[in-house]
Amino acid sequence: AQTVTQSQPEMSVQEAETVTLSCTYDTSESDYYLFWYKQPPSRQMILVIRQEAYKQQNATENRFSVNFQKAAKSFSLKISDSQLGDAAMYFCAYRSPMMDSNYQLIWGAGTKLIIKP
Amino acid sequence: GAVVSQHPSRVICKSGTSVKIECRSLDFQATTMFWYRQFPKQSLMLMATSNEGSKATYEQGVEKDKFLINHASLTLSTLTVTSAHPEDSSFYICSASPLTPDTQYFGPGTRLTVL
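If you're matching them up, the sequences are chains Y and U in order.
This note's numbering numbers the first residue of the first sequence as 1 and each following residue consecutively.
This note's numbering numbers the first residue of the second sequence as 118 and each following residue consecutively.
Worth flagging that the hints you see were computed from the coordinates, not collected in a lab.
This one's a predicted model, so the numbers in the text were calculated from it and none came from an experiment.
Here a beta-carbon is modelled for each residue, glycine too, at the ideal position from N, C-alpha and C.
Any given hint could turn out to be false.
Unchecked claim - Derived pair list, reagent style EDC-like, types lysine to aspartate or glutamate, alpha-carbon separation capped at 16 Å:
no., chain 1, residue 1, chain 2, residue 2
1, U, Lys183, U, Asp205
2, Y, Lys55, U, Asp219
3, Y, Lys70, Y, Asp26
4, U, Lys158, Y, Glu10
5, Y, Lys70, Y, Glu29
6, Y, Lys78, Y, Glu29
Unchecked claim - Simulated coverage check for chain Y against chain U, where a stretch passes if three residues somewhere in it have a Cβ under 8 Å from a Cβ of chain U:
no., segment
7, 44-50
8, 101-115
Isolated chain U (complex conformation) (with noise of 0.2 Å):
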């Protein structure tokens, strides 16, 4: 049980296009989505939490108009990097907590790679 899915696993894109990334509670309900972005040898970096049917919260120094977050259902949360550069480069993870969150299950990353 709590599985995360996340696609795509890896993406390789050119400077200024939009990259969606799709994050799924497969077998139980999430009010709670995280994304976070994590750096080689580094700790997670939480980017900002989403709560189904409302707006995402984002954590400071993180652009809410570069990387939009949808959570439309309580099994479905999107990250959407607009207008990627080479900087956004990275590796990123969502985390989905069941309705008790006491919890985090966590997908198995994205690895984007920008031209």
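Chain Y on its own, in the form it takes in the complex (with noise of 0.2 Å):
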């Protein structure tokens, strides 16, 4: 069965500057999809970027990317210029293309994001 472990119950950073939060998963399958998903205080879960696993390209989306490591099965989030309104929980999930697993999304714990002014 797939795994997703965040290692990070949290972690800070100052305004304005760059964060990693690290993401690490387990699976057999060679093709699959990973996402961050964020949850900020009002609890609405956003999502922030997707990667397909057959991309060898990291996902972008502005001011955040990805490191996908898919050998090391690592995938982390890099936000830049990090701001105020980034607080939130950040949390990796993993998604089988297989449609016996009616494609549900494996959670990872979540991280806490603190940006300090």
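Assemble the dimeric complex from its two separately framed chains, guided by the hints.
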């Protein structure tokens, strides 16, 4: 079974600085999807970035980028120029491409990101 | 695009009553919707997966007679908590996947408090 591990329960960063959140996963599948979701205090889960495993190029979305290391099964999220609005819980998630998985997401435990003004 | 609404956002009910939570995909059709429960400071716990027009698939340990799920259309799924008890108090979140199901989009959640 697939698992997702976020080893950093909490991270803090100075506003305008760069921070990297770690995520590792375990799977025997060769094709899959990986996601980072953000959950601010409002508790609305927001998609930050998505990566397809068959794509070697790292996904980027404005200030957010990933370092996808397929062989190492690592999927870290880099946030550049951190802003106060980035303060949230960040969850890493894995999705199998198999229909019999019902396309469920396997979730990490989350990392709380604190932005220091 | 990819907006999911959830209603109500907050509900308080007496023990023994039933509560219905609606989840709607506003700008896309969702063949699959998911219902989660989230405890404070924890990750999401999947309760069930529903596909339009068929019975929901419940995760192990989730009582299907207590948490009734109906996915009657490609834009609407409902979760009914029957005979609610204080231990059912929690934050419930739905998500929906478009016809090409590579991404789940989430509703804003419902805070249920059972007195």
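Q) So which of those numbered hints doesn't the model satisfy? A) Failing hint: just 6.
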